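From first to last, the protein sequence lines stand for chains A and B.
Just so we're aligned: the first sequence equals residues 1 to 782 in my numbering.
Just so we're aligned: the second sequence equals residues 1001 to 1285 in my numbering.
No farther apart than 30 angstroms at their CA atoms in a straight line, the calculated lysine-lysine pairs in the DSS-like style are these:
#1 A:69 - A:269
#2 A:428 - A:661
#3 A:117 - B:1042
#4 A:708 - B:1042
#5 A:708 - B:1273
#6 B:1007 - A:58
#7 B:1285 - A:437
Hints are computed from structural coordinates only; laboratory data are not their basis.
Predicted model only: the values in this text are computed from it and were never measured.
Residue-level listing of the chains:
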Amino acid sequence: MEKMVGQRIKRKEDPKLITGNGMYLDDMKIPGLLHASIVRSPHPHANIVSIDKEKALKHPGVVAVYTGKDLEGKINPVPTSWKVPGMDLIETKQYPLAINTARYVGDGVAMVVADSKYTARDAAELIEVDYEVLPSIANQKEARKDGAPQIYDEVPGNVAFKYVAGEVTDEDLENAEVVMKGSYNTQRVAPSPMETRNSLAQYNPGSGDLKLYVGSQNPHIHRMVLSEVLNFPEHKLHVKVADMGGGFGGKIGVYPDEALVSYASMDLKRPVKWVETRNEHFQSANAGRDMMVDLELAGTKDGKITALRAVNHANIGAYLATFGPGNPTIDFGLMLSGAYKIEKAQCTTYGMYTNTMSVDSYRGAGKPEVTFMLERAVDDFARKINMDPIEVRRINFASKEEFPFTNAQGLIYDSGDYVKALDRAVEKSDYHALRQKQEELREEGRYIGIGISSYVELSGFGPSAVAGAIGFQGGIWENSTVRVHPGGTVTVYTGTSPHGQGHDTTFSQIVKDKLGIPYEDINFVFNDTRAVSMGWGTYGSRSLAVGGNAVGLATDKVVEKGRRIAAHLLEAEVEDIEFEEGVYSVRDDNSRRKTFQEIAKAANFAWSLPEGMEPGLEEQTFFDPSNFTYPFGTHIAVVEVDIETGEIEILRYIAVDDSGKIVNPTVAEGQILGGIAQGVGQALWEGVQYDEKGQLQSGSFMDYAMPKANFFPKIEMEFTETLSPVNQLGSKGVAESGTTGSIAAAANAVMDALAPLGVKHIELPLKPEKVWRAIQKGGAES
Amino acid sequence: MIPSQFKYLRAQSVEEAITMLQETHGEGKILAGGHSLVPLLKFRITTPGTLVDITRIPGLKDVRIDGDRLLVGALKTHYEISKDETIIDNIPALAKTASETGDLQVRNYGTIGGNIVHGDPVADYPAIALALDAELKVEGEDGTEMLPVDGFALGPLITMMPENAIVTEVSFEIPPAHAEQTYLKYTHPATGYPLVGVAAIAGTGDDGTIDYIRVGVTGVSDVSYRARPVEEFLMGREPSEELIKEAAELAVEDAEMGSDLFASPEYREHITKIYVKRALYEVLK
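With the rest of the complex left out, here is chain B:
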């Protein structure tokens, strides 16, 4: 890697990190796992004057439950998430997502906070984060605020992230115990990212109708999205193969499909429907 020159700082606390960022006057970037940032440095797509390393800040790897929500420290690595018992017990689809993110090296270094805050529509986490109304705990110069993941990314690598602030925690809704969960991924052969990744969580009540349904889609489009038309179509109805097939047809409504050498927008639409269908079969079988 031959990046442009930058200054390297290491923060020992959240407060110190914020101060360090302020002192860079907009030229600073946070370095956590580095697996999103370093490739950008390599291509010189980003040329920050200063990198503020937050990996040694204590307390940002905790996992805990607060009421009906699961809170994950922003520095938790993908590997740690894939093996965490509290996460596996409550949101197994999150653990599965983490276990399928990148490769071994990426999973050992990459962090959930860095992954989501990067705003990359081809990342794995947005599918489950959108499905489970995730919120980012953002600590900055104006105090602490909770930003919903839905609406956080405005376009590829463009986000609502305020200046001189860091994400310290990600909060997820815990689905009811009777709901089945999955993350289904079509891996892009070049990048290892999802060409399409579908998080689906669904359950049926005593009367056999669907009483909980969440579908998040990532990879295919300019912004990862929650497939609300699919959810609305299915809610309150009795699942069947035919019904699911029909629902999956709604999976690309309002989504702006991306394009690369591997897959055209048309193909992306097609496989999104197929993968949403298969994910729904899995959780509603």
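If we strip away everything but chain A, and leave its shape as in the complex, we get:
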């Protein structure tokens, strides 16, 4: 029978959700449920002089009002979970409600709990907070300058950490034939999942258990961290995730709001729900990117890049987010040289406190930013030495014979064939014909641009020993239990936490191939700390590469136990039992056979088992991979710029990605497609905007431009398959690749279109007005 892995299987998850039978957190109604609304600071930086909650308390339906002072000593600060050794991190205290000082627009200062969400919101407006406004700052480079407003007394110069990876000397640059400098900044973006953040805490005063439903990509991390914040033991804390409408990194973080709701439920002995409004999301959900990067590139006239030296000013916001310190230093800093064999690379990172919302992982988490830097720089370098950008990439790629390949900063890439993906993209796009057409159109006064981006990314988190070495406060192995019921159907438990990705479908395909039972007989349980013993969640494109392989390995163990039972029942040697298509049989005599279902029953009834064997058919695996996986690919974007108005139209988008073994092409393409929309969205439209003092200006979708489906042509996708040697399936991460590759592809296309007009650089996002102004000046953007 044909293997199910590799097939386009329709997603199992969808019928429930599209027929309205899903259960999202905000759908939940529990007897006695109360609703919370959080009062947030309208100032970027202010001392809280006083809070008058009397009017709110008198409002009909209000049950409680809490301020930071009320909670002092009762809830601990929310910590970061990534402390890289050698970064001299100064971690400040993020109290769930600010006690004396609010440090960003959106910093919680009080919480109202009432009998309905409407009452809670009405009462929140009755709380009077007297603020003493303090000097404030939003831009991370400005924040490092002498005389900049200080956000904390204990953090001189607002530097939360400084981290240097690799070494490049001045001589390395000075002695080079070609030296190039550039700034490659990725602006701040808002994660903006369809479903905003939320939590519902239900404390049982009888049992002393606390059940917390929370929009989380990693419920076990939430349990672990909140246990510390709340002084509440892990075994009494049950964290569960309802159906969840997306995360994109914004739901990795453990937030003050979740701790507040939990505290209120324990204090009031009633369930309490909080659902973030969309406007709140712009204020108080961890943002992404916001890295300002200055790069020096050294190379030869014939196209070889010899050294890269970058300084990254990473805006980490007013408080350290859960993964905040890791993204710029590790994910960005160690991937500086990308897919290229560059001898030397150095990245110095300044993690800067500012009066803005915290920055955490956002789809790609450092890799899209570094790919943007590198691929824009490679194009600038190609232009400088007058060489085709395809050629420059080809010259510098690590070749497939060199894998496992050690990059300039010591990361070991598992496998790759970069030329192959590039060649396919060139062929698929008909690159050379495009270049010719570009020439012809220029004659007519029309400007199309072709943008290339070849990326490689660190994904599939990962080996736990490495996690320890880089200061990640947890393991990154994954766990799976395969439980076979007496009738032969199967429930599988995993520690990854799907919220739209399609794990149910793809993981079932893996189990189906191994057990040979009907696909419908396989069920998955995720997102529940009581059902799943332990796990590390879904982010860093790790679910298939780590979690999916754990599922496969646990299933293998089930097959092996079944084989021993079959041998016993069939009175044969274990070595002589074959297992195929769900049937155990004796080699050379397959009339002697037992189906998987028969073995399941025999194992669960345990009437006759091999001597010493325990009853039941259930196996668990803890899979700790030996390395990360490194997916790669080449994207080509073709755009036309209307030089009269600066408007940009995407004419074509070609993506050739390599994520190792593809389990389900439809699901994988969905990931690539969504990822490209996010990356191109960053390049052209999206952007959180603060004024210089940190007042939020993009507070709603009226000002924050999300990409819409009709902004894009049909995305032309294809995969090459270079297997990863670090897991059984040979799979790599796929969920972040689209974003990682696409920011640079789109931006390079626009810069390519404008090159003949003398435009060299425009800051992201490439809004038409900026493009128009750059054309007017025939040079750098104002």
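Here the structure of chain A is known, so what remains is to put chain B in place on it, guided by the hints.
This is chain B only, laid out in the frame that chain A set:
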């Protein structure tokens, strides 16, 4: 959405709606498609004590011709307008405007009456409504009156709409058959509204000179406007690329440009001229 509390009433007739509004003593608002009102409720920019739902009032979706004017019922949705044959035959630019308003959901719910009476300078309809001397039929406690759209909006969301009254119909001038029509829109990527929307209708007589010209501009400024200097410049002259370019330069005279994170006043002026030029090329080609 977490709005402040309000009472909800449903009117079965225009008279009942007016009475219901009177009884709210100025605290009432009309709910039709809701696509302008609901966002304001969400942001708590408006906190009405009562919403009077008029969507079930019969007879407010008719389209008919009366002499040289086309009359459209105020409750007609954008989708219905985009598909209405009488409208397509007589004022195709109105159907085009409707088809480009908002997205599918907005077009299925939003109404022309609600859209115009809202007085939002970034809405689509004002361009064509101003160009074709549209009038609003306003029924209220003092009887029925016709209010011209030109001059109706005084500023963003500030209008001449009297208290305790509702718009029941919108009336447009039907352009002569030989005039070409278009609506050209530069869509704001965040809002879906026009950053600039230009309605242009123009025709030339037997002698080759322009004998009918109307230009309405919306989106860019604090109040949508009729570009009369452009019309006056072109009227009676023979169209040419150069002439149109010159005319388009007059498209921002007297207009007070708005500003947001996406576009500065200077850029708005620039693209208004470009879009007026392109719209005129299209109808005078």
